[in-house]
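Chain order of the listed sequences is G and S.
According to my numbering, the residues represented by the first sequence are 1 to 331, in order.
According to my numbering, the residues represented by the second sequence are 1 to 331, in order.
Don't read these hints as lab results, they were simulated from the structure.
These figures come from a predicted structure and were not determined experimentally.
Treat the hints with caution; some may be incorrect.
Pairs count within a copy or across copies, as identical chains cannot be separated in the list.
[What the hints assert, rightly or not] DSS-like mimics (lysine-lysine), calculated; alpha carbons at most 30 Å apart, straight line:
| # | residue 1 | residue 2 |
| --- | --- | --- |
| 1 | Lys222 | Lys49 |
| 2 | Lys121 | Lys213 |
| 3 | Lys222 | Lys46 |
| 4 | Lys237 | Lys113 |
| 5 | Lys46 | Lys237 |
Protein chains: 2
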Amino acid sequence: MIVISRLLLIVFLALPTSFPVMAVGNPLPSWNEGASRQAILDFVAKVTKKGGPDYVPPEERIAVFDNDGTLWAEQPAYFQFLFAIDRVKALAPQHPEWKDQPTFKAVLDNDFKALAASGEKGLIEIVMATHAGMTTVEFEQTVKDWLAVARHPRFNRPYTELVYQPMLEVLALLRANGFKNYIVSGGGIEFIRVWALKVYGIPPEQVVGSSIKTKYELRDGKPVLVRLPEIDFIDDKAGKPVGINTFIGRKPIAAFGNSDGDLQMLQWTASGQGARLMMLIHHTDAEREYAYDRDTHFGRLDQALVEAQQHAWTVVDMKRDWKRVFPHESR
Amino acid sequence: MIVISRLLLIVFLALPTSFPVMAVGNPLPSWNEGASRQAILDFVAKVTKKGGPDYVPPEERIAVFDNDGTLWAEQPAYFQFLFAIDRVKALAPQHPEWKDQPTFKAVLDNDFKALAASGEKGLIEIVMATHAGMTTVEFEQTVKDWLAVARHPRFNRPYTELVYQPMLEVLALLRANGFKNYIVSGGGIEFIRVWALKVYGIPPEQVVGSSIKTKYELRDGKPVLVRLPEIDFIDDKAGKPVGINTFIGRKPIAAFGNSDGDLQMLQWTASGQGARLMMLIHHTDAEREYAYDRDTHFGRLDQALVEAQQHAWTVVDMKRDWKRVFPHESR
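Using the sequences and the hints given, assemble the complete structure.
This is the structure:
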C-alpha cells in the first residue's frame with residue numbers, strides 16, 4: 001500500500017493544471033439547468049469520448065473567447081476605453097495643448113456627447129496618445145497601476161472583478177478537459193495580457209487581440225520594444241478569423257462571443273468538420289448586469305443574433321441561464 | 001499488483017508529452033562531448049532544479065529557434081525559395097506573359113545570375129506570384145504536394161529529411177523538461193506550419209514567421225481566408241523580438257540561431273533576468289553539410305558571431321560538436 005500511496009502522490013504531483021480530467025460534481029454551478037448549460041456539457045462529453053464519432057484529440061481542442069461582454073462586462077463603455085480616458089486626465093498636465101484640441105477637451109470636460117461626435121478619428125487619437133510612446137514594459141506597468149485603483153462607476157469594484165462567474169466555470173471545465181482556451185478580442189492584446197493569466201488562467205501566448213506596431217531598439221545598450229502610434233492589426237469582425245489563423249494556425253472547435261464583432265469568428269468555427277459549439281451571450285439582465293443588444297454603443301448584437309437563430313447556435317439568455325453573474329454575488 | 005499495474009497504466013496514459021521528465025541516459029547522443037553540449041545540459045539542469053537559484057517555472061520555459069540554418073539546412077538556397085522557383089515553373093503554362101518579365105524569365109531559364117540581379121523587388125514578385133491568390137487551405141495543399149516530391153539537389157532527399165539530428169535532440173530534451181519550443185523564422189509562417197508538427201513536434205500555434213495579409217470572405221456561403229499579395233510582417237532581424245512579443249508575450253529564456261538575422265532575438269533573450277542560453281550554429285562542415293559564414297547569400301553570419309564572442313554566447317562548431325548532422329547518416 002505504501003507503493004500505491006507513493007504512486008498516487010506522484011500522479012497528483014505530476015498532473016499539470018491542463019490535464020484532461022472531468023470535473024467532479026457539477027462543473028457549472030452558476031448555470032441554471034436548461035438548453036445552454038446542456039449544450040456545453042453535451043459538447044464536452046462528445047469531443048472527449050475516446051472512440052466516439054465526435055472524438056477530438058486534445059491538441060485540436062481549441063476554444064476561442066471574445067473578451068468584452070463575453071468574459072467580462074463592457075458597459076457603460078469598454079473598460080480599456082475607460083482606461084484611456086483616465087490616462088488622458090492623468091497625462092493632461094504634461095499636455096497643455098490638449099485643452100485646445102476638441103477630442104481631448106471633450107475627455108477633460110467629461111463631455112461624452114462631444115467625444116462621441118469626434119468619431120473613430122477621435123477614438124484613435126485618444127488610443128495613440130495613451131497607448132503609444134512608451135516601452136512595452138512601461139505600458140504594462142501603467143495598466144497594472146490603473147487596475148489597482150480604478151473602480152467601475154456602477155458596481156464600485158475593480159474591473160477585474162466584473163468577470164462572469166459562469167464563464168470562468170466554462171473556462172475551467174474546458175481546461176480540465178484538455179482544451180486550450182484563447183481570448184480573441186477586439187481589445188488590445190497587450191492590455192489584456194497584463195491580467196488574463198491571473199483573472200482567467202489564460203497565459204499571454206493564448207491572447208489574440210488588436211495591436212499597434214512596436215519597434216525594437218537599444219536604449220543605453222539595453223533592448224526595448226517601443227510602442228508606436230500606428231495601428232498594426234484590428235482583431236474584430238472579419239479580422240477575428242484572420243487573427244485566429246495567424247496566431248493559432250488551427251480552426252477552433254468552440255467559439256464564444258456576444259456581439260456582431262464575433263460573427264465571423266463563429267462562422268469560421270462553424271465551418272469546420274465534426275462537433276462544434278458556437279455560443280452567444282445575450283445581455284438580458286438589467287438588474288444584475290445590463291440589458292442591450294441592437295441599441296448600444298458598445299457590443300452591438302444584431303446580425304449575429306439573426307444568424308445564431310438560423311444556424312441553431314446556442315444563445316445564452318443571461319437572465320434566465322445564469323444563476324450568478326459576478327463572482328462577488330452571494331450564491 | 002493489478003491495482004498497481006492499472007495505476008501505472010493510468011500514469012503513462014496521463015502524461016502529456018510536455019510533462020517535465022529528464023530524459024534517461026544520454027539525452028544528446030549526436031553531440032560530441034565538449035563545451036557546447038555541456039552548456040545545454042547545464043542550462044537545463046539549472047532552470048529545472050526546484051529550489052535552486054536559477055529555477056524557472058515550466059510556464060516560463062520558452063525556447064525560440066530560428067529555422068533555416070538552425071533546425072534544417074539553408075543551402076544552396078532557402079528551401080522555401082526553391083519551393084517558389086518550382087512553383088513558378090509549374091504555373092508558367094498559365095502565365096505566358098512571364099516570358100517577357102525579367103524576374104520570371106530568369107527563373108524559367110535557370111539564370112540565377114539574372115535572378116540575383118532582380119534583387120529584393122524580384123524576390124517579392126516571385127513570392128507573391130507563388131504564395132498569394134489562393135486560400136490558406138489551397139496553399140497548405142500545394143506545400144504538402146511539393147514536399148512529397150521535391151528533392152534536395154545535393155543530398156537527393158526530401159527537404160524535411162535535411163533537419164539537424166542534434167537539434168531534434170535539443171528540441172526533445174527541452175520539451176521533456178517542460179519547455180515550450182517555438183520556431184521564430186524569417187520564413188513564411190504558413191509554409192512552416194504545414195510540416196513543423198510532424199518533423200519537429202512543434203504545433204502550429206508555436207510557429208512565428210513572416211506573413212502576407214489574408215482576407216476573410218464567404219465563397220458560396222463557405223468561409224475562406226484568401227492570401228493577398230501584400231506583406232504583413234517580416235519576422236527577421238529586429239522583427240524577431242517584435243514577433244516574439246506579439247505572438248508569445250513572454251521573453252524567452254533560450255534562443256538558438258545561426259545568422260545575423262537572429263542577432264536581435266539573441267540580444268532580446270539575453271536581456272532578461274536569470275539563467276539564459278544563447279546559441280549560434282556555426283556552419284563549419286563542408287563535407288557533411290556546408291561551410292559558410294560571412295560570405296554567403298543565405299544565412300550570413302558576421303556581426304552575430306562578433307557579439308557571441310563578446311558576450312560569451314555558445315557558438316556551436318558543427319564539424320567539431322556534432323557527431324551526426326542529418327538523421328539519415330549512420331551513427
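Hints, one by one, checked against the model:
1. In the homo-oligomer, the alpha carbons of Lys222 and Lys49 lie at most 30 Å apart only across protomers (28 Å), although the nearest pairing inside one protomer, at 51 Å, exceeds that limit.
2. With identical chains, the CA atoms of Lys121 and Lys213 are at most 30 Å apart both within one copy (18 Å) and between copies (24 Å).
3. In the homo-oligomer, the alpha carbons of Lys222 and Lys46 lie at most 30 Å apart only across protomers (25 Å), although the nearest pairing inside one protomer, at 51 Å, exceeds that limit.
4. Taking the closest pair of Cα atoms, Lys237 and Lys113 come within 30 Å of each other only inside a single copy of the chain (26 Å); across copies the shortest separation is 46 Å, beyond that limit.
5. Taking identical chains as interchangeable, the C-alpha atoms of Lys46 and Lys237 lie at most 30 Å apart only when both belong to the same chain, with a minimum of 29 Å there against 45 Å between chains.
The structure agrees with every numbered hint stated previously.
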